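**Student:** With the hints as constraints, model all of the structure from the sequences given.
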Amino acid sequence: MINRITQYLKGELNEDQKQELADWINASKENRRYFEEIADTWYAAGISQKHIFNANEAYNRFRNHNKSHTPARGIFTLLKYAASILALISLGWIGHLVFDNSRIEQSDSFITFSAPSGETAFLEFADQTVVHLNAESSIQLPESFNKDAREVFLTGEAYFNVARNEELPFIVHLDHLDIKVLGTSFNVRSYADENTVETTLEEGLLQVICGEAENGDDNIYFLRKGQHLSFNSKTNTVQIKEENTLLYTSWKQGYYKFKKIKLDQLVRTIERVYDVDISLDQQETGNLTFSGSFFKDESVEDVLNMVEQSALDIAVHKVANSRFEIISN
Amino acid sequence: MKNANKLDESTFAEDLKSGNKHVFEYIFNKYYKALCLCAQKYVRDRHVAEEVVSTVFMRIWERRESINITGSLSSYLYKAVCNESLNYLSSFSYRHKPTDSIYIYLEDSYSEPGILQELYTEELQKKISRGIESLPERCQYIFYLSRNQGLSHKEISEKLNITVSTVENQIGIALHKLRDFFKTDR
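Sequences listed follow chains A and B, in order.
Just so we're aligned: 218 in my numbering is position 218 of the first sequence, and the numbers increase by one with no gaps anywhere.
Just so we're aligned: 1095 in my numbering is position 95 of the second sequence, and the numbers increase by one with no gaps anywhere.
Mixed in with the good hints, there may be bad ones.
[Stated by the list, open to error] Label pairs and their calculated CB-CB ranges: (1) His-173(A) / Thr-1163(B): 45 to 55 Å; (2) His-1022(B) / Asp-313(A): 53 to 63 Å; (3) Asn-232(A) / Ser-1129(B): 44 to 54 Å.
Since the hints were made in silico from the structure, they are not lab data.
Since we're looking at a predicted model, the values are computed, not measured.
Here a beta-carbon is modelled for each residue, glycine too, at the ideal position from N, C-alpha and C.
**Tutor:** And the structure:
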């Protein structure tokens, strides 16, 4: 049973297995206690040597927004204090919107929320649709909404958990394609400096519409739960595969997992997560492939060390504060 | 030795009522981490856990004049945090369970405060570090790879050239030893 519990804690159980585990926990008080103790132990061990749950910082944050009533990060807390912002965006289907850390800009026809390098942001719409914005990403909402759809424009990476509304489909517009859903959770990655647009579906059904097909018609693809679609804008090709969705969605918990990706892409990810600059001395070095994972809590030095140690012939040097160089030997 | 500069907790309820900010800050700092751990067990996301705890503290501060704390302050806080966590989960579960918390499957989702209840901020960190250090070296490393590096059991088995069941056994041993460590020597 300890193995089952560990798997649950690592997020590796499917719904049926979770139900089984729950039945076991429900079966007796002793089981319940055992589960609680193991779970407590697991979570407690996770804060060792890490500066998570920093009470001082939290208190300052708390005191500051108690004092000035300015919005700070928060799902619950903000509801109360973001009144001015709520008024600003109380339009259309949005109604109200809760945000975390994000920067807001208002222009003639759009409101833009963005997360800068090194930070992530969180938005919640009135219909309870939730958006996690990854670093260097922004989402634009039109000022006046179409009555037939909930439409947003995204650059960068975001995880959407869209509240179901069959009357009002939710559409994410990207550079090369559109994603349309009725209600589901999925991840989208579309950074301007990468050649691919990717989307991963956690549950439900998702429709991808690639415009600009040669005959003028749109190419439409449907994704099922657990599928991953990647569109290469250079070659204009689409690839769909089954994939562990955690690989693409765990970033929202500050956990970056990657499998056989090129150093180029890994470096860009690290740059965004930590707001640093990393240069490669040779272009070919960028083609090395890596698999692994890191937590945002780890220092950028530790992460780069790990990169250095897992390849035989590269060395990482710190050139200046938040500037690194990867040199191949 | 425990808490050299400990304030007198028996008057906390009174002090809070009178709006004593120092006492509030002291309580916040003392319980924050442990309460976040408690919330995280339910909500499985540490940012949400922090929000849950902040919400509870905010509510306490706003309603300090009318709040009636019977029994111990720590039990009150734990119960409030568990309830707020469950509120959060239920606000999601009627939609489509995006959360993978096991608590939405449990018959009685509120549980008595667990083994961490008596561990306060300043002791918690040291205690956890001591506990992990007390594990046998190999066990410690495997546990570290699983818990802190987030590797799957299969990845660990490949990395260390051992079987998956050895990995699972070692992690089981680590969790049991740590649990016993937290339980005794409080």
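**Student:** Does each hint hold? Answer for all of them.
**Tutor:** Hint check:
no.: 1; hint: His-173(A) / Thr-1163(B): 45 to 55 Å; result: 49 Å, holds
no.: 2; hint: His-1022(B) / Asp-313(A): 53 to 63 Å; result: 57 Å, holds
no.: 3; hint: Asn-232(A) / Ser-1129(B): 44 to 54 Å; result: 47 Å, holds
Checked against the numbered hints listed earlier, the structure breaks none of them; every hint is satisfied.
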